[in-house]
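As they're listed, the protein sequences go chains R and Y.
Our numbering applies: residue 1 is where the first sequence begins, and numbers increase by one.
Our numbering applies: residue 197 is where the second sequence begins, and numbers increase by one.
You can trust all of the hints, since none of them are fake.
Below 25 Å or equal to it, Euclidean Cα-Cα: the simulated SDA-like pairs (lysine to any residue) are:
no., chain 1, residue 1, chain 2, residue 2
1, Y, Lys267, R, Ala104
2, R, Lys57, Y, Arg461
3, R, Lys57, Y, Met420
4, R, Lys86, Y, Ala231
Here are some of the chain Y residues that sit facing chain R, going by a computed Cβ distance under 10 Å:
no., residue
5, Thr199
6, Val216
7, Ala234
8, Val273
Since the hints were made in silico from the structure, they are not lab data.
Here a beta-carbon is modelled for each residue, glycine too, at the ideal position from N, C-alpha and C.
Single-letter residue listing:
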Amino acid sequence: MNIGVLALQGAVAEHIRSIELAGGKGVAVKRTEQLAEIDGLIIPGGESTTIGKLMRKYDFIEAIRGFAQAGKPVFGTCAGLIVLAKKLEGAEEPHLQLMDMTVARNAFGRQRESFETDLDVKGIETPLRAVFIRAPLIKEVGPEVDVLSTYKGEIVTARQGNLLASSYHPELTDDFRLHGYFLRMAEEAAMNSSAR
Amino acid sequence: METGTSRVKRGMAEMQKGGVIMDVMSAEQAKIAEAAGATAVMALERVPSDIRAAGGVARMADPTIVEEVMKVVSIPVMAKARIGHYVEAKVLESLGVDYIDESEVLTPADDVFHISKSEFTVPFVCGAKDLGEALRRIQEGASMIRTKGEPGTGNIVEAVRHMRLITGQIRHVQNLSKDELFHEAKVLGVPYELLLGVHETGRLPVVNFAAGGVATPADAALMMHLGSDGVFVGSGIFKSDNPEKFARAIVEATTHFEDYELIARVSKNLGTPMKGIDISKLDRSERMQDRGI
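Here chain R stands alone, though its shape is the one from the complex (with noise of 0.2 Å):
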């Protein structure tokens, strides 16, 4: 499976080092038409306002809107699962709109206030280790969104059919099993497209 992170801004080599460790192939994704080479994308960690802003100059709102309407897997973490939410609190605009999720950015506070944790996550057998970084948290999802894990009460890894997302950073440990999870939504989303 060729897995492609979107190569705008942010912790794109880490994502692709775990997505290898995991058993897919990982490409830097710079331009639209580098979509059509790719089975599922990722949208790294990073500054949602740079990211955002970047994927409108570049024509990549509308292209990754079709990817996931082909029903092709996308990913976003932290900076990304913002990105791919349907409504954000507070003045920045939404994104990609594709997920019916709201979402608070910086949720826990400043820098000082990041942490990481032992996480447990629906579908992944034990504690995952969550690096939470200026992160946001879904404060209220639609009825399609499958909330994967919460972390004190709160929202932070959920599933929309051929999305993924969650608020902290599985790319910065050696634990690639949610990459594992991401890899095998790809694999599902090929064969189903194969079998049509």
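Following the hints, put chain Y in place on chain R, whose structure we already have.
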């Protein structure tokens, strides 16, 4: 639940990769920087070129400026403390800044020792001219490294020199045998374990940005081409004719540093960049990069 772990502090810098961190002197400038796509801002009272022109002792910014900037932007806010000034750093941490730059741009408070950065919850970035400085700062707890360059000159030559030296030294260390590494650690004045890490991975254990003298979009792209993870722009933006356009151009050139047509396009009609200083004309005592080695 743990805060301030090295993974959390270094991870914060990883999220800045491919981005541009801009010096700002007011809330208004911070908003311009954020709107242009900066990944973080550095809140200052004066940009390096003004510090250079003003002379005298340069210190941590007035907390009012830092707080005003923090209030108006959602991106991370960094601020500078003097080298070795533990209390300025503690003050900035108490204000809630997201990253502290223990910076040679300010007048050093301690001519021997740097701040022991590992005891802070807030992460630090430090300047380095070579691999030895970089690893010493990392040993002290820096979670991000940047080239020193020669700040406030608008002249990229020193940043290029520092980046080339560091990458060249890393390649050299990769090729050493295990027994040679002990000697190299002694020569560089760095802990053996850190050097062993560089030998095995071929990179620093933290993100390495370019800083000091970036004055045009092409300068930013050049530093990315040389292997920088991202770029700090100090005096360049708000000393240019059209800061907004200039800031956007630097962001685009950093993202697409290998797309020369794009860099040509964004470089058009930017107006006059900052004037710039020939480093060889600087008196030895005016060189900021020699502070804190």
